[in-house]
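Asks: What follows is the residue order along each chain.
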Amino acid sequence: MFNNLKILYHQGKQYIPDITKATVPGVFRGRPIISSEKINENELIELCPTGAISSNPIRIDLGKCTFCGECAFTFPEKIQFTSDYKIAANERGQLVIKEGEDKLMVLNPDLIRNEISKYFSGSLKLRQVCAGGDGSNELELNACGNVNFDMGRFGIEFVASPRHADGIVITGPITENMAEPLQICYDAIPEPKLIILAGTDAISSGIFEGSAALNRNFLSKYKIDLFVPGNPIHPLTFVNGVLDLIKKR
Amino acid sequence: MNHTIVKNNQCIPVSSIPVLDYERFLEHNISFLREEHYHCVNFYGIQHKEKIKLICCIANDNDATINVSSSIVESKQTLPSFSQHHFSFHIFEREIHENFEINYTDHPWLKPLRFSFNRPNNNNTIANYPFLKIDSEELHEVGVGPIHAGIIEPGHFRFICNGEQILHLEIQLGFQHRGIETLFLEKKKLLQRTALAESIAGDTVTGHTTAFVNLWESLCNYKTEPDLQFARTIALELERIAIHTGDLSAMCTDVAYQLGSSVYGRLRTPVINYFQVWCGNRLAKGLIRPGKNNFSFNKILGDSLIKIFDEYEPDFNEISSMTFTLPTVLARFEKTGVLTPEHAASIGAVGMIARTSGINRDIRTSHPHDFYSTLHHQAIIKRHGDVYSRAQIRKEEILQSIKYIRELTKTIPEENKNRKPLNPPMPDSFAISLVEGWRGEICHCAITDEQGELMHYKVKDPSLHNWLGLALAVRNNEISDFPICNKSFDLSYCGHDL
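If you read the protein sequences in the order shown, they are chains X and B.
Following the working numbering, the residues of the first sequence are numbered contiguously, the last one being 249.
Following the working numbering, the residues of the second sequence are numbered contiguously, the last one being 1498.
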C-alpha cells in the first residue's frame, strides 16, 4: 500500500492542465508559413515526395504533406514550419495553406451539423478503424487517452464496439482488403454519426497515392466531419480538433 | 561454387550469384540449416523474363556472412519444398506460391499469405480464406477481427476451442496490404522511397529506415560517415527503449494492473518527446536519410538525453521492482503462452521472440552494422518462452540500451559539414541489409537493372516469422489469456502485409 502511494507520489503531476494552450517541445513541424520570397518554384514542387506543393501562388496541402520538412530545409527563406499544432479542419480546402497566409486554423461553423453539438458536446464515443495504417497514428490515438493528454476528462473515449460509438476514426490509406470491414463497421454505428480522418494517409493516401492495393470508394460516399493532418497526428492536434468540433455552439 | 558470400550491407554484381538447378539449390541450402548457427534471412522469387528466379539468403551467425544462391524455375511449376526439410522456410514458400503459383508437392500449409493486389490467382480473396475446420460437436470456433477492440491494426484470429481452452489458432493476415514493394519501384524519387521505408511499420520507423538507407548507400557505393552511423545507432536504441516501455504498459493493462499501465505509459512520453526535440517527430519520421542527416547529433542533444535517462531510470526501476514481484501480475505472466525452444527453432523465430526461447539470435552481435561492432553487444537470453520472459527481456533490454547510449554519447563524432553527394546506384547489382530492430531482424534486399534503376525491392519484417510463434504459444491456454499473449509478442500487421 505505502509502496504504491510512494510510486504514485514519485510520478508527480503528469497531465497537461490546459490542453488548448500546451506547447510542444523541440522542433515540431506544425502549420507552415510560406513567405513571398522568390525561389525556383519548379525545384520546390519537384522536391515534395507526395506532390503536396503547388504553385500560383505557392501552396502546401496539409492533407497530402508527410511533414518530412525537406522543403523547409532546402528553402528555409521560403517555407517555415511553426509549432502551431492546431491544424485540424472540417473542410478539405482549409488544409491548403497559401503563400503569405499566417492565421490560426479554425473549423467552419456553417459546416458542423446541429446534432453534433446537441448530442456529443459532453460525451463522444469513437470507434477507430485502421485501414492500412502503419501503426503510428494508432500509437498517437492511444496516447490521446494516456495520463498526459487524458482526453477522457472531456468525455471523449474510444470504445470497442461500433454499436456503442458515435463516430468512426479512420487511419491509413484504406486498403482493398479493408474496404469491406470498414463499411461493415461504419454501418453498425447508430445515427447520428460522424467520420474523422486521422493522418495524411487517411486524408489523401499520402505516400501510398496511386497504389493499386487501395480502395478509397468509402470516402466518396460520405461527408467527412473532421480532417486531422499529421504523419502521424500529434495527440494535441487530434484532441483540440475534436474539442472544437463538438463544442457547444 | 554453390553460393556467393556477402557481408551485411555489401553490394555485389547480380551475375556473381550462382544459378543452381533446383535440386542442387534445395539440397545446398537445407544442408546449412542442419547446423544451428545458420538461419534463413530471406528467400523469395522475382520475375525473370518468362520464368521465376528464386533467391535464397542464408546467414552464418558465426562469421558475419550471408550465403546467397539462386535457381531459375518455370512459373506454375510443381516442386519439392524446402519446408519439408526445415520448417522455417514455410512462410517464404507460401509467399512464392501466392505470388507465382509455384506449387509444392510436400508443403504442409500452402495457404494464401497476404492477398497481395497483384496475385495471379484472384479466386483467392480475403473473404474466402480456407480456415482449418474441425468437425466435432464438443468443439467450437471463435472468430475475432479483422477489427479489434482496441486501437490496433487489423487481422483475423480464428480459434478452435474446447470449452475455455484453445486447441488451435489460425491467424489470417493481409488486411493491411498496401503494395509497398511495388511502390518502391513506382516511386522514383529517393525522398519518396525513404518516406515509404518510414511507413512500412509505424512502430519501427528507425529500424526499417535504417535498413533502407544502409542498403541504398551500399548500392551507391557510398562510404557512410561515422556521424551518420552514430545517429542511426542512437535512434535504433531509443526506439527500442520507447516501444519496450510502451509494451510493458500495455501488458500491465492486459492483466488489469492499473498502476504499472499508467507509470510505464507515462515513462514512454519523455523518450518519444525526445525524438521530437531531436527531429520534430515523436516517432522519428524524418530523422534518417540516405547520405545525409538533417538533424545531426551534438553534445547538447547528448546531454539532454542523459538527463532524461537520469530521471527515467529510478522511476523505471521502482515500478519494475513492484510489477515483477506482484502476485497478481506474476500469476498471469508466468507459464502463460509458452513458445518452446523447439518450436521457436523450427519456425525460424527471430529477435526478441527467439531470445526469450533460448535462441541466441541478434543481428547486433552476428552481423553488426553502424556502431554495433564497437559496442560488443551481448544478447540477453531467456529460456522459458512465456509471457513473463517476454516482459523480463523488455525490462532488461531497456536498461541495456540505456547503458549503450550512455557509453556512445561519451564520444560524439563530429558532423561532416561537406558531405559528398550520393552517386546513382550501381547497375546490375544485388545488395542486402540486415538490422536488428526492437522487434527483431529486418531484412531488405534490392536488385538494380542495367541502367542502375531499382528493378526489385524486397522487405522482410521480423513478424513474418514470428506470427506462427504466437499461434503455437497460445495452444492449451485459456482463451482469456489470448490478449496478454498477443501483446507480449506485439507483432506487426503492416510489416507482414507490406
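The hints are simulated quantities; they were obtained by calculation from the structure and are not laboratory data.
For clarity, every value in this text was computed on a predicted model and none was experimentally measured.
Among the hints, erroneous ones may be present.
Unchecked claim - If you anchor each label on the Cβ, the simulated ranges turn out as follows:
1) X:163 to B:1421: 55 to 65 Å
2) X:153 to B:1306: 26 to 36 Å
3) X:104 to B:1417: 13 to 23 Å
4) X:102 to B:1109: 56 to 66 Å
5) B:1421 to X:56: 55 to 65 Å
Said to hold, decoys possible - EDC-like, lysine to aspartate or glutamate: derived pairs with alpha carbons at most 20 Å apart:
6) B:1410 to B:1315
7) B:1188 to X:101
8) B:1382 to B:1061
9) X:6 to B:1428
10) B:1292 to X:70
11) B:1417 to X:70
12) X:13 to B:1313
13) X:6 to B:1063
14) B:1188 to X:70
15) B:1189 to X:70
16) B:1076 to B:1035
17) X:13 to B:1311
18) B:1189 to X:209
19) B:1049 to B:1063
20) X:13 to B:1050
21) X:6 to B:1023
22) B:1189 to X:187
23) B:1189 to X:77
24) X:6 to B:1318
25) X:13 to B:1310
26) B:1188 to X:77
27) B:1051 to B:1023
28) X:6 to B:1311
29) X:98 to X:115
30) B:1053 to B:1311
31) X:221 to X:187
32) X:13 to B:1061
33) B:1420 to X:70
34) B:1007 to B:1050
35) B:1395 to B:1315
36) B:1189 to X:43
37) B:1188 to X:187
C-beta: ideal position from N, C-alpha, C; glycine also.
Asks: Now tell me, hint by hint, if it's right for this structure.
Replies: Checked hints:
| no. | hint | in the structure |
| --- | --- | --- |
| 1 | X:163 to B:1421: 55 to 65 Å | holds (57 Å) |
| 2 | X:153 to B:1306: 26 to 36 Å | holds (34 Å) |
| 3 | X:104 to B:1417: 13 to 23 Å | violated (38 Å) |
| 4 | X:102 to B:1109: 56 to 66 Å | holds (59 Å) |
| 5 | B:1421 to X:56: 55 to 65 Å | violated (31 Å) |
| 6 | B:1410 to B:1315 | violated (24 Å) |
| 7 | B:1188 to X:101 | violated (32 Å) |
| 8 | B:1382 to B:1061 | holds (19 Å) |
| 9 | X:6 to B:1428 | violated (63 Å) |
| 10 | B:1292 to X:70 | holds (12 Å) |
| 11 | B:1417 to X:70 | holds (18 Å) |
| 12 | X:13 to B:1313 | holds (18 Å) |
| 13 | X:6 to B:1063 | violated (49 Å) |
| 14 | B:1188 to X:70 | holds (17 Å) |
| 15 | B:1189 to X:70 | holds (13 Å) |
| 16 | B:1076 to B:1035 | violated (32 Å) |
| 17 | X:13 to B:1311 | holds (14 Å) |
| 18 | B:1189 to X:209 | holds (14 Å) |
| 19 | B:1049 to B:1063 | violated (35 Å) |
| 20 | X:13 to B:1050 | violated (65 Å) |
| 21 | X:6 to B:1023 | violated (66 Å) |
| 22 | B:1189 to X:187 | violated (40 Å) |
| 23 | B:1189 to X:77 | violated (24 Å) |
| 24 | X:6 to B:1318 | holds (9 Å) |
| 25 | X:13 to B:1310 | holds (18 Å) |
| 26 | B:1188 to X:77 | violated (27 Å) |
| 27 | B:1051 to B:1023 | holds (17 Å) |
| 28 | X:6 to B:1311 | holds (16 Å) |
| 29 | X:98 to X:115 | violated (32 Å) |
| 30 | B:1053 to B:1311 | violated (53 Å) |
| 31 | X:221 to X:187 | holds (12 Å) |
| 32 | X:13 to B:1061 | violated (47 Å) |
| 33 | B:1420 to X:70 | holds (18 Å) |
| 34 | B:1007 to B:1050 | violated (31 Å) |
| 35 | B:1395 to B:1315 | holds (13 Å) |
| 36 | B:1189 to X:43 | holds (13 Å) |
| 37 | B:1188 to X:187 | violated (39 Å) |
Of the hints listed earlier, those the structure fails to meet are numbers 3, 5, 6, 7, 9, 13, 16, 19, 20, 21, 22, 23, 26, 29, 30, 32, 34, 37, in rising order.
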